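Number of protein chains: 2
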Amino acid sequence: MTRQELIHQIFTKKTFLCVGLDTDIKKIPEHLLQEEDPIFAFNQAIIDATAPYCVAYKPNLAFYESMGVKGWISFEKTISYLNENYPDHFIIADAKRGDIGNTSAMYARTFFEEINLDALTVAPYMGEDSVTPFLQYPGKWVILLALTSNKGSHDFQLTTDQNGERLFEKVLRKSQEWGNADNMMYVVGATQGQMFEDIRKVAPDHFLLVPGIGAQGGSLEEVCKYGMTKDCGLIVNSSRAIIYADKTEKFAEVAAQEAKKVAEQMAALL
Amino acid sequence: MTRQELIHQIFTKKTFLCVGLDTDIKKIPEHLLQEEDPIFAFNQAIIDATAPYCVAYKPNLAFYESMGVKGWISFEKTISYLNENYPDHFIIADAKRGDIGNTSAMYARTFFEEINLDALTVAPYMGEDSVTPFLQYPGKWVILLALTSNKGSHDFQLTTDQNGERLFEKVLRKSQEWGNADNMMYVVGATQGQMFEDIRKVAPDHFLLVPGIGAQGGSLEEVCKYGMTKDCGLIVNSSRAIIYADKTEKFAEVAAQEAKKVAEQMAALL
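So the protein sequences, as listed, match chains A and B. Here the first sequence is numbered in the working numbering, starting from 37 and rising by one per residue. Here the second sequence is numbered in the working numbering, starting from 37 and rising by one per residue.
Think of the hints as simulated: they come from the structure by calculation, not from any bench. Bear in mind the structure is a predicted one, so any value in this text is a computation, not a measurement. Incorrect hints may have been included.
Intra- or inter-copy, both count: the list cannot distinguish identical chains.
Said to hold, decoys possible - Taking lysine-lysine pairs in the DSBU-like style, the calculated list, with each CA pair at most 30 Å apart, reads:
#1 Lys63 with Lys113
#2 Lys187 with Lys261
#3 Lys283 with Lys50
#4 Lys176 with Lys62
#5 Lys187 with Lys62
#6 Lys62 with Lys113
Here chain A stands alone, though its shape is the one from the complex (with noise of 0.2 Å):
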């Protein structure tokens, strides 16, 4: 998906919603453990109730490969039944990747080939030949880790270099001589706060990728108020408070209800 087609998406639906697929057996309603694939059922009702809501899906795949081979599964059905049924809704698979040239090479061929997916997450630490292999594909995008919403963010993303330049910000302008506002996005935890401001002095019009409202506890108007742009520039996930907001078998009625709550405060902020 273009970034004209994101932003088309974005104003027409009046939403920035990404819907986190962060699907753990142990917490889906029990009754659909019946299913053949409970994971698949799952995503399937929840994609149905929420995506007039969200304009884009993040399942992260580190709980698809917690169930192995059937969790692989479980994840190839979810992203075919998107790809098939919702053409118009973006797909980021959060892997966090990166690795030397050869090898990064072969996940983009994974995801962008084979498993037909608009974005991927992907870690810079080893730097621009372990980024650039997915810059490669007219239309696809990588979300690069810059300031994540984790308390963890703080040991190194945070760190002052001898210019007086923090490594996130590093990696912000250092990855526009790679990219660009069209073909990747940045990792921009909520729970940041007032950093959208330095985020933007480095990278004003690149889309950013927001976790942890919800759960994770930061705040969808103070990331709009320092964050947005022209183009909104922003896509905010949420994950648990919606997809497990029930466990009945209403779940999937109540996630729609929560995801609508969310879709109407954006449409406020836009």
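Since the structure of chain A is already known, use the hints to place chain B on it.
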């Protein structure tokens, strides 16, 4: 596997070689494509042939994931085969994972409980809570990226902070607050030469996993000169130069010869 067991293996077998199972369907001998699971058939033959000359195996997950569900089946079969037939070999998944705490915990469960690996490579960018979930398993190891073998390693890993500390040194120092030489190793590329001296100043006792000899051009002598400790302290990986040394029906035999050559060099250096 504990540190003492690993050291025992190294000095008994007089080798600290790790064979990298970067198995690519496009690079294995053609006659194997008739097998039901060509990737597993290749791995099995390589393992049986090289086991006397190495102490560790390191499948790189990207190569398996690039084949989707089929690849995961080959990966899990390979690990089971190793666990059943070569329990004295140290098994590393080169996965370069690292995510917020609850997600890293899921990865740890997958790789250490379900798949039963000895060690996993982890990326440090997200800090403490992305690493510590992997340190909760006795006898299991985190191998944290410190100074990698690729060109892009210069982009961020060598950034010097306001106290004169480079990022890879900060990773080495800071991570020793989370784990110790009994449950943590570091990835240091063989291409980094004399930098091993600097590494040993911050991490004198930790084992280092060293990729980059062979196809990537690093020197075994230099790595040992600057990086070896009284306990050896090194696991040196070679992938392509061993497993793809020959593409005929003799591939396993030739791989064994190549592994043996490296092991003989290692015996002389120990």
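Going through the hints against the structure:
no. : hint               : verdict
1   : Lys63 with Lys113  : both (20 Å within a copy, 29 Å between copies)
2   : Lys187 with Lys261 : within (22 Å within a copy, 39 Å between copies)
3   : Lys283 with Lys50  : within (28 Å within a copy, 57 Å between copies)
4   : Lys176 with Lys62  : between (33 Å within a copy, 25 Å between copies)
5   : Lys187 with Lys62  : within (25 Å within a copy, 42 Å between copies)
6   : Lys62 with Lys113  : both (20 Å within a copy, 26 Å between copies)
Comparing the model with each numbered hint stated earlier shows that all of them hold.
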